[in-house]
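Novice: Okay, so the sequence shown: first residue is 1418 according to the working numbering, each after it adds one.
Honestly, the hints are just simulated from the structure, not real lab data. Check before you lean on any hint, since a few could be wrong.
Stated by the list, open to error - Listed next, with one range per pair, are the computed distances between beta-carbon atoms:
#1 Leu-1429 to Asp-1617: 54 to 64 Å
#2 Gly-1492 to Ser-1470: 18 to 28 Å
#3 Gly-1731 to Ser-1477: 41 to 51 Å
#4 Val-1738 to Arg-1572: 20 to 30 Å
#5 Ser-1430 to Glu-1562: 56 to 66 Å
#6 Gly-1696 to Ser-1616: 51 to 61 Å
#7 Val-1752 to Ser-1637: 17 to 27 Å
#8 Leu-1429 to Lys-1485: 41 to 51 Å
#9 Ser-1477 to Val-1738: 40 to 50 Å
#10 Ala-1531 to Ala-1633: 52 to 62 Å
#11 Asp-1549 to Lys-1685: 33 to 43 Å
Bear in mind the structure is a predicted one, so any value in this text is a computation, not a measurement. Beta carbons are placed, not taken as given, at the ideal position from N, Cα and C, and that holds for glycine.
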Amino acid sequence: MKNCDDFDSDYLSAWETFAEVVPSEKHAVEIVYKILYRDKPLRCFYCRSIHHSRVFGSRSSKCMACSKKTWITSGTFFHKAKCLRSILAAFWFLESRVYINPFRFHKLLDIGYAAAILIFKKISMAIYSQTDQSLFSIPSSEFREVICRRSIQTRALEHPVSEIQDSYDLLSSKPDQIEDTVIVDTLSEKEQKIYDVLSDQPQNVDLICFNTELPASVVSASLVMLELSGHAHLLPGGCYIRPPSSNQNIFEHGHSEHSLLEDSRTPKLLNFIEQRFRGVSRKYLQNYASLFWFYFDLSCWYPGRLLDVCKTFGKISGSQVSAFLSPYQIRAYLV
């Protein structure tokens, strides 16, 4: 670990407590093992047996039935992680609501800067997967003052803010398609099936039942939920249509939900990004907005939920992180 004088009391207090709980990498392995298999036993990758032997701190387990080796983190959020202790430390700092950025984290843990960035990007992607209707949609242009880092999306010889226009152009070329990818994550399978057949042409329940091959009781119940969430609109006469997407409203009326509200809370989000991360790239802007949501929405992100979300989310590869691209409309929590 680097000189303690480089860090403030919040960092040091959280770090000292963490170091007592997780004093070594072997202890970190044991904690990860308990996290992953507290609800279900580890099964052999080859014969599915639950009987195995494993020494303290080992990442692999030997099956007592077929004698083959199974890696305990394979296919999980911790897949191929070189240092599990670093990942647990990131969870510890976040759950303690200690403001930590990758640069200070890599110095404190004495790990590579790229490794520190990867850890926080993976965690923020898992947080983003939980996006719900309580979040606002804010156009990327509102974040112009904090977009100062280049990415693979930045045009050659141009400032990173050029990505904002590129993202807008991408959105304008296929607004419905981009909007739908967000909606898919928030609907049940039956609700999504019904949403897919809705259009700007009115349809009654019987026609929707015919197009989806779902019973009327299921369709009626799902339509109520879709209407409450704003994904379906009931017309006089009992017919339903799909409401215009928020992206279409931007192109037709020249504004977003946020600009209509003229919300004065946005500067707090901008200050969080500027002060804690010293500016970001537009490519990963959503990640930082997601971290802000985690830090400030305590009713949603209660103690222990972050770890459960990441455990359920599963494996996130480096290529998935590299391929991630923030939508033009950033989903953000405002306080």
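Novice: Evaluate each hint against the coordinates.
Specialist: Results of checking the hints against the structure:
no.	hint	result
1	Leu-1429 to Asp-1617: 54 to 64 Å	holds (58 Å)
2	Gly-1492 to Ser-1470: 18 to 28 Å	holds (21 Å)
3	Gly-1731 to Ser-1477: 41 to 51 Å	violated (19 Å)
4	Val-1738 to Arg-1572: 20 to 30 Å	holds (22 Å)
5	Ser-1430 to Glu-1562: 56 to 66 Å	violated (32 Å)
6	Gly-1696 to Ser-1616: 51 to 61 Å	violated (42 Å)
7	Val-1752 to Ser-1637: 17 to 27 Å	violated (37 Å)
8	Leu-1429 to Lys-1485: 41 to 51 Å	holds (44 Å)
9	Ser-1477 to Val-1738: 40 to 50 Å	violated (25 Å)
10	Ala-1531 to Ala-1633: 52 to 62 Å	holds (55 Å)
11	Asp-1549 to Lys-1685: 33 to 43 Å	violated (20 Å)
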